[in-house]
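Protein chains in written order, with my numbering: chain Z, 4 to 329; chain W, 2 to 264.
Just so you know, these hints were derived from the structure itself, not from any lab.
Glycine residues also receive a C-beta, built at the ideal position from the N, C-alpha and C atoms.
Mixed in with the good hints, there may be bad ones.
Said to hold, decoys possible - Just a few of them, taken from the derived set where beta-carbon distance is under 7 Å, the chain W residues facing chain Z:
#: 1; residue: A4
#: 2; residue: L7
#: 3; residue: L11
#: 4; residue: F13
#: 5; residue: G26
#: 6; residue: Q30
#: 7; residue: A89
#: 8; residue: A91
#: 9; residue: L94
#: 10; residue: R96
#: 11; residue: P97
#: 12; residue: V98
#: 13; residue: G255
#: 14; residue: T257
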Amino acid sequence: MSQIVASALVKTYRRRVNAGGWRGALGGLIASQTSTVRAVDDLSFSIASGELIGFLGPNGAGKSTVIKLLAGILVPDGGSCSVSGRDPSRDRRAHVDAIGVVFGQRSQLWFDLPVADTFELLRSIYRRDAATWRASRDELIEILGIAPYLGRPVRQLSLGERMRCELAAALMHRPELLFLDEPTIGLDAPAKLAVRDCLQRLNRERGVTILLTTHDLDDVEALCRRVLVINHGRLLLDGGLERLRAGGGHSRLVRLETRARVEVVDRPGLEVLAQEAGALQLRVDTRLVAIAEVVRDLLGAGEVIDLAVMPPSIEEVVASLYLARP
Amino acid sequence: MGAYWLHCTLCFRAALSQRAAAVAGILTQLAFGELRVQVLMACYALGVAAPGMSRTAAMDYIWLGQAFLRLVPMRPDEDLADAMRTGALANDLCRPVDAYWWWWSRAIGRVAAPTLLRCVPLILLCFALGVLRPPQTLGCALACLDMLVLALLVSAAIRVALALIGDWSGGSNALAILGMPVIWMLAGIVLPLPLFPPQVQQLVAILPFRALLDSPLRAWSGDLHGSALGWAMLHQVVWLAVLVGFGRLLTRRGLTRLTIQGG
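Start from the sequences and build out the full structure, keeping to the hints where you can.
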């Protein structure tokens, strides 16, 4: 059952073009030029209930815009989206009553007031019955370990402490669906793990559907079975984590340690990444040269202490995916 | 309803913590009040002032005007303007609340706190110095209180509307900067409105700004009574409805063409 369906979604922004400097500033007074940017360009995908999806793409790819479209904050310029049968932007209030949203880069908590006050305000917004609310609140306080921060004004919390509270604030009303826009940005390891652990439990125990935007691929590897990769508002890849890894299938890293410096035989598809004394790192494009040939060359070149052939890290795969197409 | 009320009181509480600003404000307003009183008294001494108001009534008006100065908008609603500029607006829209009521209730709390922090000490001080007379009757006091509450609601509605208009015109507060001195003038801060030339007074009576300060002040002194009091209150209520309606319209239009800045 598809919970989220986006079909041919389009969102365009008008951007003011300014040449900069005095000329641009004065010119803009007379005739301002605008250009249209398609932040989301004919994007279609569907997500089933209970999935935990990694939503990837370089900065400016349109991820946040998609999240805002799905959350009903922005109105699409073309195409349509449906979330649990609702049209998010037309039905905004009913829609956001059933979903949770966290924007990692901006706080939804009250800057000057204790966290507990924000929670109290949320209770009056969502109008859930007292018992359900209390249970949900206590559970989140325990999972996220935020009991010590409740009485402190938000401005006195560290980023990690605050982010846990943000997550709690987005989950208090037990949403069926959670949109997270870079929730782990800038967090230290324990905070990151706490956030991950919480998301995993929500997804497994309560079946909450989660769409997670992140640049932290460890998050993706730890949490997501499926990833959506977009760039320039278009879908680049939709599939399991394995498919993402397979995207780097024709590339291998070779690491070699020898007693003395070796001469690398120049072959097409071979790239020396680093070499100093007896240590050597190569990237091999297996479409152009067989890995066996490269290894044979290397073994014959000198006395080998250690040799390793590795697939590229997921980070490199993603980077090459981002850079690949215009 | 409950959520908006709580939002308003939380904003009020958050703004109550700005005590140092209140002390600075009180000192400033004492200085400006004294300056205005001196200028006006000089006019009375020379016989230049119009016959619309007695000397003591004018003095009351000026000191009360200083006490309730914060009811007059000094700039567009800062929270809303900031939220639109930085994109924090996205968070407001992620909650199942009516955006306009949400912003308006916040603006009310944000105006009420500094107003209260300044007016109570200033009025007590003026009583102690013998420069301000208490309300003529209990009826006057109650009417004044009602009108102050209405003035607060109008003030918040103007602030929100100015922020929304600012966004409309590309995030500039040019309109606010141009408009503020006019609003101050027409609310009665610079010169008591009864001292304006009669032709101008007719226009001033229609515009919304006297609802912010002039009307409640004249209710205090008993200058407004009987049907005039009723009309002044109706003027406040009508403008409140118009401003809220206008704000809601701008909000609805704005949300359909919204872009969130800053990613």
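Each hint, compared with the structure:
1. A4: 4 Å, holds
2. L7: This interface hint holds because 5 Å falls under the 7 Å limit.
3. L11: 6 Å, holds
4. F13: Violated: closest Cβ of chain Z sits about 11 Å from W:F13, beyond 7 Å.
5. G26: 19 Å, violated
6. Q30: Hint on W:Q30: violated, closest Cβ of chain Z at ~25 Å, above 7 Å.
7. A89: Since the shortest Cβ distance to chain Z is 5 Å, the answer is holds.
8. A91: Holds, about 5 Å.
9. L94: Constraint on W:L94 satisfied, holds at 5 Å.
10. R96: 6 Å, holds
11. P97: 4 Å, holds
12. V98: Holds, about 6 Å.
13. G255: Because about 11 Å separates W:G255 from the closest Cβ in chain Z, which is outside the 7 Å limit, the hint is violated.
14. T257: Where the cut-off is 7 Å and the nearest Cβ of chain Z is about 5 Å from W:T257, the hint holds.
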